[in-house]
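Peer 1: Chains B and V, in that order, are what the protein sequence lines are.
When you line the first sequence up against the numbering used here, it's residues 657 to 773, in that order.
When you line the second sequence up against the numbering used here, it's residues 1082 to 1193, in that order.
Derived from the structure by calculation, the hints contain no laboratory data.
All of these numbers come straight from a predicted model, not from anything done at the bench.
Hints may contain errors.
Below, simulated SDA-like cross-link-like pairs (lysine to any residue); rule was C-alpha separation at most 20 Å, straight line [unchecked claim]:
1) V:K1180 x B:G717
2) B:K697 x B:R666
3) V:K1123 x V:T1177
4) V:K1123 x B:T761
5) B:K697 x V:T1167
6) V:K1083 x B:V718
7) V:K1180 x B:F695
8) V:K1151 x V:D1088
9) V:K1123 x B:E678
10) V:K1180 x B:T705
11) B:K670 x B:V772
12) B:K676 x B:P742
13) B:K676 x V:G1124
14) V:K1123 x B:D683
15) V:K1123 x B:Q694
16) B:K697 x V:S1165
17) V:K1123 x B:S661
18) B:K697 x V:L1092
19) V:K1180 x B:T688
20) V:K1083 x B:G717
21) V:K1180 x B:E708
22) V:K1123 x B:R666
Which stretches of chain B does chain V cover? Using the computed rule of at least three CB atoms under 8 Å from a CB of chain V, they are [to be verified]:
23) 698-704
24) 755-769
Even for Gly, the Cβ is constructed at its ideal location relative to N, Cα and C.
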Amino acid sequence: GAVVSQHPSRVICKSGTSVKIECRSLDFQATTMFWYRQFPKQSLMLMATSNEGSKATYEQGVEKDKFLINHASLTLSTLTVTSAHPEDSSFYICSARSRESGTDTQYFGPGTRLTVL
Amino acid sequence: QKEVEQDPGPLSVPEGAIVSLNCTYSNSAFQYFMWYRQYSRKGPELLMYTYSSGNKEDGRFTAQVDKSSKYISLFIRDSQPSDSATYLCAMSMSGTASKLTFGTGTRLQVTL
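Given the sequences, and given the hints that come with them, work out the whole structure.
Peer 2: Now the structure itself:
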């Protein structure tokens, strides 16, 4: 149980285009999902916290108009990188909060490697 | 200064060795201390967490937290090739389901 999937696993796009990344909790409902970003040789950094049915909360320094987050259902959150540029190339990973079976923790997806040319 | 410092390695040990992985941190508000294991092309998987200072043991794994020194450790006994992965420390102020601050991760290779 507690599986989180991400799609796509890898994406290459041209500068100026938008890219959408999906995060799904496959076997549990997640009222909260988190989006992280990891640059090479750096740690996972939280970008934003999304709660189902409400606006996402962004960390300091993360542009909310560039990284659009939608959490329309209890099993799906999406991150759209708008007008992507090469400096947005990174590893994006989501996690979903589970409060089922007496636990309260977050489970991570496998990540999405974004390359902007 | 980073909030959490972790040596990226790589760390290479022979099978059966005791492995010691460490992190230091600067924010005294952290109360929850976690260790995640991440295999290649997979998401981080929670190994263990500790609340406040002290030790916690789970099988071959022991987590230690020294809040006075702002230093946490993960020990792996009788290491196996299947333990080869990247180990990330993470910390939060309010639980494993809350905002996490990660170290960079230490890549561990256990050789036959």
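Peer 1: Between the alpha carbons of K1123 (chain V) and T1177 (chain V), is the straight-line distance 20 Å or under?
Peer 2: 19 Å, holds
Peer 1: Are K1180 (chain V) and G717 (chain B) close enough, with their CA atoms no more than 20 Å apart?
Peer 2: Roughly 16 Å separates the two Cα atoms, so the pair holds.
Peer 1: Given the hinted pair K1123 (chain V) and D683 (chain B), is their Cα-Cα distance within 20 Å?
Peer 2: Between K1123 (chain V) and D683 (chain B) the Cα gap is close to 18 Å, so the pair holds against 20 Å.
Peer 1: Taking only the CA atoms, is the gap from K1123 (chain V) to E678 (chain B) under or equal to 20 Å?
Peer 2: OK: K1123 (chain V) and E678 (chain B) at ~16 Å, within 20 Å.
Peer 1: Measure nothing beyond the straight line between the CA atoms of K676 (chain B) and G1124 (chain V); if it is 20 Å or shorter, mark the hint as holding.
Peer 2: Holds - the C-alpha atoms of G1124 (chain V) and K676 (chain B) are around 19 Å apart, at most 20 Å.
Peer 1: Holds or violated: K697 (chain B) and T1167 (chain V), Cα atoms, limit 20 Å.
Peer 2: 12 Å, holds
Peer 1: For a C-alpha distance cap of 20 Å, please report whether K670 (chain B) and V772 (chain B) respect it.
Peer 2: With Cα atoms ~6 Å apart, K670 (chain B) and V772 (chain B) stay inside 20 Å; holds.
Peer 1: Has the given pair, K1123 (chain V) with T761 (chain B), been kept, meaning a C-alpha gap of at most 20 Å?
Peer 2: The given pair, whose Cα atoms are some 18 Å apart, holds under the 20 Å limit.
Peer 1: Does the structure keep K697 (chain B) and S1165 (chain V) at a Cα separation of 20 Å or less?
Peer 2: Holds: K697 (chain B) and S1165 (chain V) sit about 18 Å apart, inside 20 Å.
Peer 1: Does K1123 (chain V) pair with S661 (chain B) here, judged by a C-alpha cut-off of 20 Å?
Peer 2: Roughly 10 Å separates the two Cα atoms, so the pair holds.
Peer 1: Within the assertion that chain V covers the region 755-769 of chain B, do at least three residues meet a Cβ-to-Cβ distance smaller than 8 Å?
Peer 2: With 9 residues in contact (Cβ-Cβ under 8 Å with chain V), the coverage given for the region 755-769 of chain B holds.
Peer 1: Is K1083 (chain V) close enough to V718 (chain B), meaning Cα to Cα at most 20 Å?
Peer 2: 18 Å, holds
The structure fails none of the hints (numbered hints given earlier).
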